[in-house]
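Trainee: So for the sequence shown, the numbering used here puts the first residue at 72; every next one is plus one.
Read the hints as simulated data drawn from the structure, not as lab findings.
Where is the CB? At the ideal position from N, CA and C, for every residue including glycine.
Certain hints may be false.
[What the hints assert, rightly or not] In silico BS3-like links for lysine-lysine, alpha-carbon gap of 25 angstroms or less:
(1) K284 with K116
(2) K189 with K140
(3) K316 with K200
(4) K125 with K284
(5) K129 with K239
(6) K212 with K198
(7) K316 with K284
(8) K284 with K124
(9) K375 with K189
(10) K212 with K246
[To be verified] Ranges between beta-carbon positions, derived for each pair:
(11) W159 with N282: 39 to 47 angstroms
(12) E187 with N207: 32 to 40 angstroms
(13) F365 with E187: 43 to 51 angstroms
(14) Q183 with G217: 23 to 31 angstroms
(15) A190 with G283: 49 to 57 angstroms
(16) E85 with N368: 13 to 21 angstroms
(17) N177 with N282: 50 to 58 angstroms
(18) Q183 with S382: 17 to 25 angstroms
(19) E85 with H248: 36 to 44 angstroms
(20) E85 with A190: 14 to 22 angstroms
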Amino acid sequence: MLNAFDQAYHNLCEEILETGNYRDDRTQTGTISKFGHQLRFDLSKGFPLLTTKKVSFKLIATELLWFIKGDTNIQYLLKYNNNIWNEWAFENYVQSAEYKGPDMTNFGHRSQNDQEFKAIYQEEMKKFKTLILNDNDFARKFGDLGNVYGKQWRNWEDKHGHRVDQLKQVIDQIKHHPYSRRHIVSAWNPTEIDDMALPPCHTMFQFYVENGKLSCQLYQRSADIFLGVPFNIASYSLLTHLVAKECGLEVGEFIHTFGDAHIYSNHLDAVKTQLNRDSFDPPRLTINSNASIFDINYEDLEIKNYQSHPSIKAPIAV
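The whole structure should be built from the sequences, with the hints applied where relevant.
Mentor: In structure tokens:
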């Protein structure tokens, strides 16, 4: 048996496996892909942290708060032992003139297939992380990912230098004009795509108020179904909770709309393992603070009664 949240996710995995098309991709890993899908999660029924594999709420929450703060440097994440953006910053470092270590060309693929190289890569990554955490000058130079989500959410800039704090603006709109159809935040800034370590996969989201409840719909242009999407579901559900609290509203639905929804070819066994599992009851989220959304800390957030199957490891495609 599956709870409604896990069932929706499993249905998507099964549909991609059954009807998807094989496609080459930027990472040279290969995917099974479906274009266009939508999931709906009623947030009054619990918090959609998947239970058929363990998903780290700490990683999800600290990344989201990093976005909300407008930060784009991985130093904040590493202070919480959050390593999910390391590869993109590391790639910039090892391609720079300042890097003098072993050849790290194509480190993502090589570390999967060559155990000797993997040990060397892990040692270089360890050194890199230590420098980011302890050397602020190094962190400023090599920890920044460019104009990624936090920059776009809090400091959108057009070619004329006009700046917009999109998140603050949309919260003000929800408070004063709740039925507007313009409660939109976009991370897709065409003029700055080349200045980002990774162009935004979750490109825009929109809020909707009805009967004192706040709902959120995300459009995700590119979705790594096994590794990324469980994080994205929980992240935007958490964002909906935080914005609802900020605006004095209850939570409604999180609606997840996909463009290219894909399972990487080296994730197939992991997905099949997960699909063979039953689920547990979904957990609940508690926000133990009345601080503004812009001041809230990870320590203020609590997931209660989270029971899950063990995590399932799979390589990230860089």
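Trainee: Against each hint, give a clear statement of whether it holds in the structure.
Mentor: Hint by hint, here is what the structure shows:
no. : hint                               : result
1   : K284 with K116                     : holds (14 angstroms)
2   : K189 with K140                     : violated (34 angstroms)
3   : K316 with K200                     : violated (35 angstroms)
4   : K125 with K284                     : violated (29 angstroms)
5   : K129 with K239                     : holds (24 angstroms)
6   : K212 with K198                     : holds (15 angstroms)
7   : K316 with K284                     : holds (10 angstroms)
8   : K284 with K124                     : violated (30 angstroms)
9   : K375 with K189                     : violated (37 angstroms)
10  : K212 with K246                     : violated (39 angstroms)
11  : W159 with N282: 39 to 47 angstroms : holds (41 angstroms)
12  : E187 with N207: 32 to 40 angstroms : holds (34 angstroms)
13  : F365 with E187: 43 to 51 angstroms : holds (47 angstroms)
14  : Q183 with G217: 23 to 31 angstroms : holds (26 angstroms)
15  : A190 with G283: 49 to 57 angstroms : holds (56 angstroms)
16  : E85 with N368: 13 to 21 angstroms  : violated (38 angstroms)
17  : N177 with N282: 50 to 58 angstroms : holds (53 angstroms)
18  : Q183 with S382: 17 to 25 angstroms : holds (18 angstroms)
19  : E85 with H248: 36 to 44 angstroms  : holds (41 angstroms)
20  : E85 with A190: 14 to 22 angstroms  : violated (37 angstroms)
Hint violations for this structure: numbers 2, 3, 4, 8, 9, 10, 16, 20, all remaining hints satisfied.
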